[in-house]
Amino acid sequence: MPELTLEDLKRILRVAGGEDDPETLDGDILDVSFADLGYDSLAMLETVSRIEREFGTSLPDELVPDMPTPRVALDTINSRLRAAA
Amino acid sequence: MITGLGVLAPTGRTVAEHWSSVLAGRSALAGITHFDASSYPARVAGTVAGFAAREQVPGRVVPQTDRWTHLGLAAAAQALDDAALDPAALPEYEMGVTTASSSGGTEFGQREIEALWRDGPGHVGAYQSIAWFYAATTGQISIRHGMRGPCGVLVTEQAGGLDAIGQARRLVRGGLRAVVTGGTDASLCPYGLVAQLSSGRLSTGTDPARAYAPFDVDAAGHVPGEGGGMLIVEEAEAATARAAAHRYGTVAGYAATFDPPPGSARPPALGRAITAALADAGLRPERIGAVFADAAAVPELDRQEAHAIAGVFGPYGVPVTAPKTMTGRLYAGGAALDLVTALLALRDGVIPPTSGVRHPVDELRLDLVRDGPRQADLEHVLVLGRGFGGFNAAVVLSR
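Listed in order, the protein sequences are those of chains P and G. Quick note on our numbering: the first sequence kicks off at 87 and runs consecutively. Quick note on our numbering: the second sequence kicks off at 11 and runs consecutively.
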């Protein structure tokens, strides 16, 4: 079963939303909000869309506001991936 | 008062580079390099070579925006730097941004349309929603520099840069401290080029030295280009009070008119724009030291422009130049870059030449500056722009 790891998420964020400082996503960011990391709602829509494509799953746009941090995003998306498996 | 200039153009990626190119009559026109254009009817263009968005645009913004916005952001940063104006030190609602755009984000849009047709709707990026939009450059400049007063975009094709600075002047008169204005365009991808072909005004010439020859017996359309210029318009007293390093000139007069529909018996409205801009500046025609022409290089449009100029200034009555022959027509960036060039001409007392013209049409009775720059003690110059669809604008700049 495919699983979205924190490293996957960071990699996709970097491509989807760009980055000003390569170190922004380093360290313990699990509970830092995407907004504080500099990724706005549009960047998150783009990120989720790329995850859908890469993991062959469907993630409704409505999920985005309910995933404020990387930890919540990983939990939410991985539980959907497990349910679909 | 204009206190800062920025340029990203085929003739240079800085103001100084651009100015030295146009004074030397060094045309930047060459074969299209962004893609293989060998099967397209138009193959010559003015390209901004060597521009690396990653070096001049914040990393977050690069994937969210089109090349035209990258060029606009870079030019705006140059202009603010040139003005030594730090927006962070000023009240954010007392600064605005008014740019011109003509094509929007065509290169970005082409990429997304390709993804749509090749892979389906799920593959279209979220940023398409903001990247294509005409106001994207204005918005990104506003966000980047924290300039949150009145912001807008003018979409009047090649007249856009003049309409934008007219609006900037209006905003400053209304109480704004500073406005970033100007324009860029970048539409040299296949989709952008094909969209331009529909105007019927693109040159099919393949010799870069002759493909764009306005007011010439061989005039047969224009060469497209990308890039443009940005300018900082400040309230004059505030600029003086802070001892702004550069005081390039003022927007003494501005007017815009609209042509009658095709087939109308009424004459084109460019002459009226010139007269109204001079009246707005309170200047008689003989005070104007040079005219920066629109230079469509479509014989009928050249005739209209020459007729309008001669109608106000008399035959051979004023030096006329078109340095855009070295960049191609930049659409929203065209008149904006002409404003920058005209301000440098005022500063240095020299009129840059027109390139590519070998056999001027005698009946046009224009005193066309070509072959080399012409020294002139300039106090006031006139910049003209005509946008596809009937737009005319005229700006008088004064030292």
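The hints are simulated quantities; they were obtained by calculation from the structure and are not laboratory data. All C-beta atoms, glycine included, are put in the ideal place defined by N, C-alpha and C. Some clues are possibly wrong.
As the list claims (entries may be wrong) - Computed spacing ranges between beta-carbons, pair by pair:
no.	chain 1	residue 1	chain 2	residue 2	range
1	P	100	G	45	22 to 30 Å
2	G	253	P	146	51 to 59 Å
3	P	165	G	96	45 to 53 Å
4	P	121	G	59	50 to 58 Å
5	G	94	P	139	45 to 53 Å
6	G	45	P	146	44 to 52 Å
7	G	156	P	116	45 to 53 Å
8	G	251	P	149	49 to 57 Å
9	P	158	G	247	28 to 36 Å
10	P	121	G	132	40 to 48 Å
11	G	64	P	158	43 to 51 Å
12	P	149	G	310	28 to 36 Å
13	P	116	G	357	41 to 49 Å
Said to hold, decoys possible - Residues of chain G placed beyond 10 Å of chain P at every Cβ, according to the derived structure:
no.	residue
14	40
15	69
16	70
17	73
18	214
19	295
Outcome of the hint check:
Look at residue 100 of chain P against residue 45 of chain G: about 27 Å separates their beta carbons, and that is inside 22 to 30 Å. A beta carbon spacing of about 57 Å between residue 253 of chain G and residue 146 of chain P agrees with the range 51 to 59 Å that was offered as a hint. Checking the proposed 45 to 53 Å range against residue 165 of chain P and residue 96 of chain G shows it holds: the Cβ atoms sit about 49 Å from each other. Taken as a hint, the range 50 to 58 Å is violated for the pair residue 121 of chain P and residue 59 of chain G, whose Cβ atoms sit roughly 38 Å apart.
Remark: the range hint 45 to 53 Å for residue 94 of chain G to residue 139 of chain P is upheld by a beta-carbon distance near 46 Å. A hinted range of 44 to 52 Å for the beta carbons of residue 45 of chain G and residue 146 of chain P is inconsistent with their spacing of about 37 Å. Taken as a hint, the range 45 to 53 Å is violated for the pair residue 156 of chain G and residue 116 of chain P, whose Cβ atoms sit roughly 31 Å apart. For the hinted restraint 49 to 57 Å between residue 251 of chain G and residue 149 of chain P, the CB-CB distance of approximately 53 Å keeps it satisfied.
The beta-carbon spacing between residue 158 of chain P and residue 247 of chain G, approximately 53 Å, falls outside the hinted interval of 28 to 36 Å. For the pair residue 121 of chain P and residue 132 of chain G, the supplied restraint of 40 to 48 Å is violated, since their beta-carbon distance comes to about 25 Å. The given range of 43 to 51 Å is broken by residue 64 of chain G and residue 158 of chain P, whose C-beta atoms sit roughly 31 Å from each other. Residue 149 of chain P and residue 310 of chain G have their C-beta atoms about 58 Å apart, which leaves the hinted 28 to 36 Å range violated.
With their beta carbons about 56 Å apart, residue 116 of chain P and residue 357 of chain G fall outside the hinted range of 41 to 49 Å. Residue-level check passed: residue 40 of chain G sits 31 Å from the nearest beta carbon of chain P, beyond 10 Å. Distance check for residue 69 of chain G against chain P: the nearest CB is about 5 Å away, which does not clear 10 Å, and the non-interface claim fails. Not every beta carbon of chain P lies more than 10 Å from that of residue 70 of chain G, the smallest distance being close to 4 Å; the non-interface claim is violated.
Listed as a non-interface residue, residue 73 of chain G fails to keep its Cβ farther than 10 Å from every Cβ of chain P; the least gap is roughly 5 Å. Taking the minimum C-beta to C-beta distance to chain P, about 39 Å, the non-interface status of residue 214 of chain G holds against the 10 Å cut. The beta carbon of residue 295 of chain G sits about 51 Å from the closest Cβ of chain P, which is more than 10 Å, so the claim that it is off the interface holds.
Of the numbered hints listed earlier, those contradicted by the structure are 4, 6, 7, 9, 10, 11, 12, 13, 15, 16, 17.
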